[in-house]
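Enquirer: Note that the protein sequences, when read in sequence, are chains L and Y. Counting from 6, one number per residue, gives the positions in the first sequence under my numbering. Counting from 239, one number per residue, gives the positions in the second sequence under my numbering.
Since the hints were made in silico from the structure, they are not lab data. All C-beta atoms, glycine included, are put in the ideal place defined by N, C-alpha and C. Errors might be hidden in some of the hints.
Stated by the list, open to error - For lysine-lysine, the following DSS-like pairs were computed, each having C-alpha atoms within a straight-line distance of at most 27 Å:
(1) K309/Y - K16/L
(2) K280/Y - K62/L
(3) K294/Y - K343/Y
(4) K280/Y - K343/Y
(5) K309/Y - K294/Y
(6) K16/L - K294/Y
(7) K62/L - K343/Y
Stated by the list, open to error - Simulated restraints on C-beta separations:
(8) N336/Y - S70/L: 20 to 30 Å
(9) G56/L - M292/Y: 23 to 33 Å
(10) N336/Y - T25/L: 27 to 37 Å
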Amino acid sequence: DAGITQSPRHKVTETGTPVTLRCHQTENHRYMYWYRQDPGHGLRLIHYSYGVKDTDKGEVSDGYSVSRSKTEDFLLTLESATSSQTSVYFCAISEGGGNTEAFFGQGTRLTVV
Amino acid sequence: GESVGLHLPTLSVQEGDNSIINCAYSNSASDYFIWYKQESGKGPQFIIDIRSNMDKRQGQRVTVLLNKTVKHLSLQIAATQPGDSAVYFCAENSGGSNYKLTFGKGTLLTVNP
Chain L
6 DAGITQSPRH KVTETGTPVT LRCHQTENHR YMYWYRQDPG HGLRLIHYSY GVKDTDKGEV
66 SDGYSVSRSK TEDFLLTLES ATSSQTSVYF CAISEGGGNT EAFFGQGTRL TVV
Chain Y
239 GESVGLHLPT LSVQEGDNSI INCAYSNSAS DYFIWYKQES GKGPQFIIDI RSNMDKRQGQ
299 RVTVLLNKTV KHLSLQIAAT QPGDSAVYFC AENSGGSNYK LTFGKGTLLT VNP
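Just chain L, with the same shape it has in the complex (with noise of 0.2 Å):
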């Protein structure tokens, strides 16, 4: 899976309470991506970043915000998660940003209960 590591795997939590999911890379990729992806809806965007303290909004970022203080870790974090937020999230990486291919973790699939 090109490097990437993403931490856990499986996870449920309660609403209200914060969650933090971790994109680990050892590939040096400058970019790094967190995309959902739910039935019907196939994967959306929800940060991106583009380089150490470097993130933009994606299509779908409420509720969540993200951090890279390092290249090789990106963090999302949910505030407060909401039913809503059940999904499975994929990170991704990339050498060229949209110009070249980006590459997958194993995803991580988060239940809101």
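We have chain L already, so just place chain Y on it with the hints.
Expert: Frame of chain L; chain Y shown alone:
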């Protein structure tokens, strides 16, 4: 558990037949396109890419065709095998973005032995 295949267009073929999966993209300024394969429970995997200065590119058993006039992308899989059963996504760097890719909703390919 939920399947990313729910509510998706589906294509069912016999083992050994050729498969053609289609994708209509949205932005005429997009200049980079990728096909991904996603097996159940896994992250999307890169198959093949094409840039807008080409209209055809071939890989091992796969060919991607790009028709910029009608904003259409297709993936042809030769001699389809049961291991090809998966959801296939097209992606574009919408509008020529240097940062990110936008994904289609996917097509579920089922190969019957």
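Enquirer: Look at each hint and say if it fits the structure.
Expert: Hints versus structure:
1. K309/Y - K16/L: Judged against 27 Å, a Cα distance of about 40 Å means the pair is violated.
2. K280/Y - K62/L: 25 Å, holds
3. K294/Y - K343/Y: This hinted pair holds, its Cα atoms lying about 22 Å apart.
4. K280/Y - K343/Y: 16 Å, holds
5. K309/Y - K294/Y: Satisfied, since the Cα-Cα distance of roughly 14 Å is no more than 27 Å.
6. K16/L - K294/Y: 42 Å, violated
7. K62/L - K343/Y: Since the Cα atoms of K62/L and K343/Y sit roughly 20 Å apart, the hinted pair holds (cutoff 27 Å).
8. N336/Y - S70/L: 20 to 30 Å: 23 Å, holds
9. G56/L - M292/Y: 23 to 33 Å: Since the Cβ atoms of G56/L and M292/Y sit about 30 Å apart, the hinted range of 23 to 33 Å holds.
10. N336/Y - T25/L: 27 to 37 Å: Holds: the Cβ-Cβ distance is about 28 Å, inside 27 to 37 Å.
In this structure, the hints that do not hold are numbers 1, 6, in rising order.
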